[in-house]
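Engineer: Listed below are the residues making up each chain.
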Amino acid sequence: MSRLRAVALAIWSFVVGDDWRTALGVALALALTAIVASLGVAAWWTMPVAVPLLLWLSLRRAVRD
Amino acid sequence: MSGAELGLAVSVFLACAVEAVEALTIVLAVGATRSWSSALSGVGAAGLVLCAAVAALGPALTALPIDVLRLLVGGLLLTFGLQWLRKAILRAAGLKALKHEDEEFEAQRRAAQTAARGGARIDGYSFALSFKGVLLEGLEVVFIVLTFGANQHRIGLAAIAAAAAVILVALAGVAARAPLTRVPENAMKFAVGVMLTAFGTFWGAEGAGASWPGSDAALLAIVPAVALLSLAFVAALRRAGAPASAPASEATSTALGAHAAAAAHTAAVPQPHPQPTLSTATIEEL
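From first to last, the protein sequence lines stand for chains A and B.
Oh and the first sequence: position 31 is 31 in my numbering, straight run, nothing missing.
For my numbering, count along the second sequence from 1 and bump the result up by 65.
Keep in mind the hints are simulated off the structure, nothing from the lab.
Incorrect hints may appear among the rest.
Stated by the list, open to error - Part of the chain B face toward chain A, derived, beta carbon under 8 angstroms:
(1) Leu136
(2) Gly140
(3) Leu147
(4) Gly274
We put the CB at the ideal spot given by N, CA and C, even for glycine.
Chain B on its own, in the form it takes in the complex (with noise of 0.2 angstroms):
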């Protein structure tokens, strides 16, 4: 193999292990959240769509307008991820009920039974978002695989090199499918919000037009950026909240309004299943 041969692999290789992972990010987050069934179903229809779009149109894939997939995905994941994060910070501040694990547990029980009884059912939220993540970085794959193996006329060793990349980015989401399944489901929940809201903006801003400083890297930021803003909303909402500061009546001024010491004070109120004090409401709970 030449120096030119090499190079174009590995650029290859890294381009589409990239892509890959953002895909295997969404995957395993929906995956341990919700279904991994439904999940891994978008993967596999996504892969069949990539397949026949390849198979049909070849390298006029390429003329595919990725911007406006990128925008219409970008968005979606964007709206999703700050529907989830608003719920997973109002739930780690203390004003949202947490999930009790054993009840929900017991309730996906009843329902696998259910499901098995009458059929397999699909989470079309867990399908969707899986599909349309996979469609999207396995489109980029094929992209990269396509432009860069033209140039140098190695299309059959960038396609080698991509699989390779994609190959040991999913043996690595099967490694880590089992730690997952240990985390609390909260704490899940904002972890998803965090990245579907970091990888909405991201794709967003670059199916709009927008060209972030450092191309992919942006995500290294972008997504502790969200996560700390995240964690700074919870904060300023129990400081709101906090029952040892002061009487709902004088914690007007917070970050968010004058409406959090009434929303605290109602979430204070014995509830059928005990609210998560915000004494009790500890960052693991998040």
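With the rest of the complex left out, here is chain A (with noise of 0.2 angstroms):
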């Protein structure tokens, strides 16, 4: 069991890193880029957008802490 729980951790560690706000902001603007595009409408800026916003975020909360 704790192997297991070692591993997961370890993939956790890995893919997230040691920002999981920023993994999920980049989770939740996919998904909605995905929506657009599913719409039929153009979604090339959503990521853009997005991007800017999440790499903003995650600087404001490195210089507060």
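Please assemble the complex out of the two chains, which come individually in their own frames, going by the hints.
Structural biologist: Structure follows, in structure tokens:
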């Protein structure tokens, strides 16, 4: 069990890193892109909007901490 | 060679060269900043998986859900890239200690000696990034060969053109490797953060169903845009923490919020290794 937990923690650490909010934000931004694309509307603009916002929020948290 | 065959060869060569350059960018960036051996191991492993997939599936490869792969790889690259960029921006702004490269070299030397005694160590991060980048782009090269080649019933010619493109780009990568090692570490990390973020944005959006204006050429706009955005954040953080501009308590109207001043003050407190001051942390140190 502890080995499974260690593997899960290693995967979490590898994928998410030290800022889970940014990882969650990336997932939400990609989901939003998929939703907009599925509506038949141009969706390429969503990531260029989301990425600066995510970076700004991440920097702000780092500066506060 | 007929005009149609020449057109096929040139089209496949150019399309595959673009894909190969994208993969090469990831491998060079990861290799130069973390571990060449692990990055090249990732390339080798991806090559083996590609060969096995082509041998096993052949033309049926085109049925693979490439968009799902793009979405996963893009999402991961973007997550990694944003974290690299955050740290690189904080270092460049003087809010996080720059790595002391002599000490780093000594640590690497000791680690290498330990690894030599205890067997070679693979840096999983470098391996995985190279593997994913090369596998994704390699699959795209295979798709190009199969679709372009099958349309004109000349898969062999398409494969030769693709191989020529990949070999040419790989040779360019070998030539670029030595100059890259002379770039300061923090500058490389900044560049890697920019590249991972830009490629992650591009692939992630494509995988989610978006179509970029200009297709792959959009990367020519995305990469500089991410770089400029990051430099703007560095400038904003430096202004927020500039000691001559205002006392810490007054530096609250910055782009990054009220606590930037406190963090800048903390960064100015003497550390075991001196922090780069805002005046000496020049743009070259990025």
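Engineer: So which of those numbered hints doesn't the model satisfy?
Structural biologist: none
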